[in-house]
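This is what each chain is made of:
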Amino acid sequence: MNYILKMSLRNLGRNRRRTALSAIAIAMGTALLLLMSATIRGEMRGALELNINLRTGHLQVHTEDYKDENMSLKRADMIEAPMAISSQIEEITEVKSAAPRLNASGILAYKNETIGIQIIGIDPPSETNAPYRDGLVAGEFLEADDREGVLIGLPLSENLNLNPGDTINLIVNTSEGDTDKQSFTVRGVYTTDTPGYDKATIFMPLEKAQTITRTENYASMVYILLYDMDDTAAVKNALQSSQYVIEDWEEINKLFIIVMELSNAMMFFFNMMVLGVTATVIMNTLLMAVYERTREMGILGALGMKSKQIKALFLTEATLLGLGGVLIGLAIGVPIVLYYAQVGFYFGDMGISANSGIMLGNSIYPYPTIGDAISVSLAALIITILSGYYPASQAAKLEPVDALHGTN
Amino acid sequence: MEIAKLTDITRIYQIGEVETHALRGVDLSIDEGEFTTLVGPSGSGKTTLLQMVGCLDQPTSGKVFINNEEVTKMNRNQRADLRKGTIGFIFQFFALIPTLTAYENVELPLLLMGKKNQKSRVMELLDAVGLSDRAEHRPDQMSGGQQQRVAVARALAVDPLLILADEPTANLDTENGEQIMSIMKKLNEETNTTFVFATHDPRVIKYAKRVVTLRDGQIEKDESIA
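Protein sequence lines correspond, in order, to chains A and B. FYI, in this note's numbering the residues of the first sequence are 7 to 414. FYI, in this note's numbering the residues of the second sequence are 104 to 329.
No wet-lab data here; the hints were simulated from the structure. Note that CB positions come from ideal geometry on N, CA and C, so glycine has one too. Don't take every hint at face value.
Said to hold, decoys possible - Estimated spans, in silico, between C-beta atoms of each pair:
id, chain 1, residue 1, chain 2, residue 2, range
1, A, Thr286, B, Lys324, 53 to 63 Å
2, A, Ile30, B, His124, 35 to 45 Å
3, A, Ile30, B, Ser164, 47 to 57 Å
Stated by the list, open to error - PhoX-like mimics (lysine-lysine), calculated; alpha carbons at most 20 Å apart, straight line:
id, chain 1, residue 1, chain 2, residue 2
4, B, Lys219, A, Lys312
5, B, Lys222, A, Lys12
6, B, Lys288, A, Lys12
7, A, Lys242, A, Lys102
8, B, Lys309, B, Lys108
9, B, Lys218, A, Lys314
10, B, Lys324, B, Lys309
11, A, Lys312, B, Lys218
12, B, Lys289, A, Lys312
13, B, Lys324, A, Lys12
14, B, Lys309, B, Lys288
Starting from the given sequences, assemble the full structure and let the hints guide the process.
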């Protein structure tokens, strides 16, 4: 074994408690960064998936002036004969499903309660409704020819104590600028585990939604889901239309993309803070070692050890400490992250409305990647080695005669 | 053959605004095979002079030659290179590396010279100081006398031209002090290795062939002992 490596290993064994505490600091930093990066990635990834699967789709066809936020019902802002368009789009191999959607705003009245809601007219048999069909917790799903039935979200059902078979009143905006009021029967209760969405979104068959909003044969958009997100650009190119606008999920989720970038930047600063604290601990440990071993540096210098070899001795100690700490950190962090990736962190309703453009589920599932594990480990190791550089330089700067006098 | 030559050496330590003249124009020449002691009261400059000969410190003025090479023109790394092949050190405190065994301490100067697999050489040296059975012991598992004997073996490892010993017996009892001195004397006689001591211990002085007396940073007396 190289004598510098041997001496470094033994030096680390001199004060085992201090070495162990320093390694634990690196390990905790590594494990924390691993968990944080996987959690932020999982949160963003989950939120993006929810946004795409519930609100935006991978692609949308709508008019130039249609804005999701104001749910315009003017015919000029809507798509005519949407079923024909969606049927055509569904013939594209990469398209999983496409269906018209009609978005309208309204008020739900039940007993003495009134709640502002979003009404979405859907084509019930379409695959685009899988999240609601699969998330049905009571009653049954809508039929295309149902003229009185609606599907409500679980939080709404719980808040108002509504069950399948109960009757509610909906006051809905129409394309003529007035409102219409009708009674509906709750057919089923769904959950997408996205409280901000489920508590304010009611579904009814497209034809009924068109009738009540007086937008017969019109829809707000054709909502498209793909088998593979990576095909978005290719399908978008295939869908070029002179009459309508085709927007992909990135364009529709601009706000969310900004939030994602912001969270990446915040993650960077968080990483720097954790690594900064770790670096301070390591620097302190190694500086203590330099002060304690000043006379030894003098002896090594007298024996002919050069400055760069003394520096290498301390940097090797820092590297070994870093490697040990990172490995312990991975041994602690990886199982924790993998466990929470399965069970998730339950937060419940975080009070973020679906209209904000950001969908948050009631749980965050960390999403670990090998890339994150490698970059976190490398960052912790590099920071440890860098923080050893100053103490190592201090040791290398010692003149043998001064070092021998230092504690003589 | 002249191994070390110092001409008009001064060494001034500046501590704050106070100047301390440790050496004031010292001339000294050391020949191969000498067994010389530098003696004098505390503060007379004997340790400083020894450090000049050992290339551990640089003079404020004057020149130091080791083996006809001018040390005062060398940089720190060149001096380190010169030291590791030419000069062995024995210090007052038992200057072993505490994490290494006796064997590894003796082996270290050889490794620094790039000489690997020197087991027989290391064991021969440990045998010469009577510690071959303590090869795997660490310094804290040995007595002061044993540690100092390991230090002697280490100083001899690279067959240096010159061994410098600063108060080598100061922390040893009479028996161990005598034992160390007789080992060094024997090595001097058998291998013609040059020894220079800084000491005021009569046990060391009585072995010397030459005694250089320092006072206030100057050589007061330089006498050969028959």
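Comparing the hints with the structure gives:
no.	hint	verdict
1	A:Thr286 with B:Lys324: 53 to 63 Å	holds (57 Å)
2	A:Ile30 with B:His124: 35 to 45 Å	violated (52 Å)
3	A:Ile30 with B:Ser164: 47 to 57 Å	holds (53 Å)
4	B:Lys219 with A:Lys312	holds (18 Å)
5	B:Lys222 with A:Lys12	holds (17 Å)
6	B:Lys288 with A:Lys12	violated (34 Å)
7	A:Lys242 with A:Lys102	holds (14 Å)
8	B:Lys309 with B:Lys108	violated (24 Å)
9	B:Lys218 with A:Lys314	holds (19 Å)
10	B:Lys324 with B:Lys309	holds (16 Å)
11	A:Lys312 with B:Lys218	holds (16 Å)
12	B:Lys289 with A:Lys312	violated (32 Å)
13	B:Lys324 with A:Lys12	violated (47 Å)
14	B:Lys309 with B:Lys288	holds (11 Å)
Hint violations for this structure: numbers 2, 6, 8, 12 and 13, all remaining hints satisfied.
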